[in-house]
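Asker: Chain residues, written in single-letter form:
Number of protein chains: 2
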Amino acid sequence: MTETLEAAAPLAIDDAAADRLFRTARSVTEWTDAEVTDAHLRAAWDLAKFGPTAMNTLPLRFVVVRSDEAKARLLAHLPDGNRPKVESAPATLVLAHDPEFHEHLPRLFPVYPGIKEQLAPAPDVRDGMARTNALIQAGYLIVALRSVGLSVRPMNGMDFDGVDAEFFADSGYKSFMMIAAGVTAGEGTGHPRLPRLTLDEVAQAL
Amino acid sequence: MTETLEAAAPLAIDDAAADRLFRTARSVTEWTDAEVTDAHLRAAWDLAKFGPTAMNTLPLRFVVVRSDEAKARLLAHLPDGNRPKVESAPATLVLAHDPEFHEHLPRLFPVYPGIKEQLAPAPDVRDGMARTNALIQAGYLIVALRSVGLSVRPMNGMDFDGVDAEFFADSGYKSFMMIAAGVTAGEGTGHPRLPRLTLDEVAQAL
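These protein sequence lines map, in sequence, to chains A and B.
Numbering follows full-length UniProt numbering, with no gaps: position 94 of the first sequence is 94.
Numbering follows full-length UniProt numbering, with no gaps: position 13 of the second sequence is 13.
FYI, nobody ran anything at the bench for these hints, they're computed from the structure.
Computed from a predicted structure; not experimentally measured.
Worth double-checking, as some hints may not be accurate.
Pairs count within a copy or across copies, as identical chains cannot be separated in the list.
[Unchecked claim] With a straight-line cut-off of 20 Å between C-alpha atoms, the simulated SDA-like cross-links for lysine to any residue are: (1) Lys116 <-> Ala70; (2) Lys71 <-> Val183; (3) Lys71 <-> Gly162; (4) Lys116 <-> Arg196; (5) Lys85 <-> Met55; (6) Lys116 <-> Gly157; (7) Lys85 <-> Tyr112; (8) Lys85 <-> Thr32; (9) Lys116 <-> Asp127; (10) Lys85 <-> Leu206; (11) Lys71 <-> Met158; (12) Lys116 <-> Glu166; (13) Lys71 <-> Ala205; (14) Lys71 <-> Glu166; (15) Lys85 <-> Val111; (16) Lys85 <-> Leu75; (17) Lys116 <-> Leu194; (18) Lys71 <-> Asn156; (19) Lys85 <-> Gly157.
Kindly generate the complete structure, drawing on both the sequences and the hints.
Answerer: Right, dumping it as structure tokens:
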């Protein structure tokens with residue numbers, strides 16, 4: 001950013017939160033037997049739902065795969081590499097975007113009357129908006145799941161069309177990733193953390 | 001999710017953090033005179049960089065628009081509605097994805113030798129991967145900026161091609177959103193919070 005060596009600013013959250021949400025959190029594969037409960041999901045959504053989306057569209061949708069039957073349905077659409085990760089996880093959230101999000105806008109975005117009708121004849125525009133904003137919400141959801149004491153492993157290796165036919169045939173939602181979730185004892189992974197790009201490698205100040 | 005009324009699980013972060021990051025955080029337009037410093041950006045990136053991305057690709061890039069000159073360059077590519085929001089903000093981050101992220105993979109993802117060479121002849125695949133993962137990173141970055149005491153206003157109303165020509169002609173990065181950032185006194189917005197969808201509206205347990 002600059003030529004000076006400037007220290008990072010102090011955090012406005014405590015170190016325990018910064019560690020849990022980012023600094024020591026890992027993408028894990030080793031879970032305890034603890035279940036992912038509806039109460040976990042409810043608490044996580046009650047945080048993630050507040051993350052900002054364009055025109056408050058909130059297009060993220062998901063199914064929570066916990067039962068053996070649902071797990072078998074999901075496994076059928078996964079590549080070999082991701083199967084054991086889903087098999088062993090207490091829960092796997094299959095994330096999707098809702099191209100019909102505009103139906104909710106009269107309630108979610110009442111400051112723009114007519115936006116539902118304006119978007120109705122533009123399915124491609126809606127699909128792009130929904131995917132874009134649902135991906136940003138996936139970032140919020142990962143942080144929110146960690147905020148309720150869960151560890152996660154995001155994955156996007158899956159047969160999206162197959163998953164859509166399996167889980168979203170009626171809704172028309174479009175899957176884009178999975179998040180395995182559960183409780184870990186310790187780091188929950190046998191691998192050292194991979195390196196990251198520095199601020200100076202990703203950003204330029206103007 | 002279920003027919004029972006189940007309470008949310010307890011949080012694993014303190015209430016102050018949950019409020020700051022999600023529950024009371026707002027998309028703001030009213031800023032104090034406080035600057036967004038390099039130290040803020042460094043501290044925020046030192047959290048956001050740890051958010052997981054597929055194959056540790058970390059494709060998010062951004063320019064930090066703070067100077068009058070840079071602001072004028074950005075304003076030229078914004079619709080009328082977003083101009084005052086950028087004009088008044090202490091800083092605006094212009095977020096982009098790097099379709100050439102594969103160049104960094106020998107360092108970032110050494111567990112998959114040859115992935116750089118495998119992706120090199122597939123620019124469309126790389127562009128899609130970069131956009132997808134940079135959007136998830138945008139979610140992390142918004143939470144991270146709030147974690148260092150900043151408030152934000154994400155926006156995506158902009159002439160992306162114009163912004164790319166203005167700021168990313170050399171790098172080939174592709175812009176996808178902006179985040180205005182600064183310090184607020186109080187909520188930083190005169191508008192009440194818009195409603196959100198409930199867990200039962202967005203999720204189904206299987």
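Asker: If any of the earlier hints don't hold here, list their numbers in rising order.
Answerer: Hints 1 and 12 not satisfied by this model.
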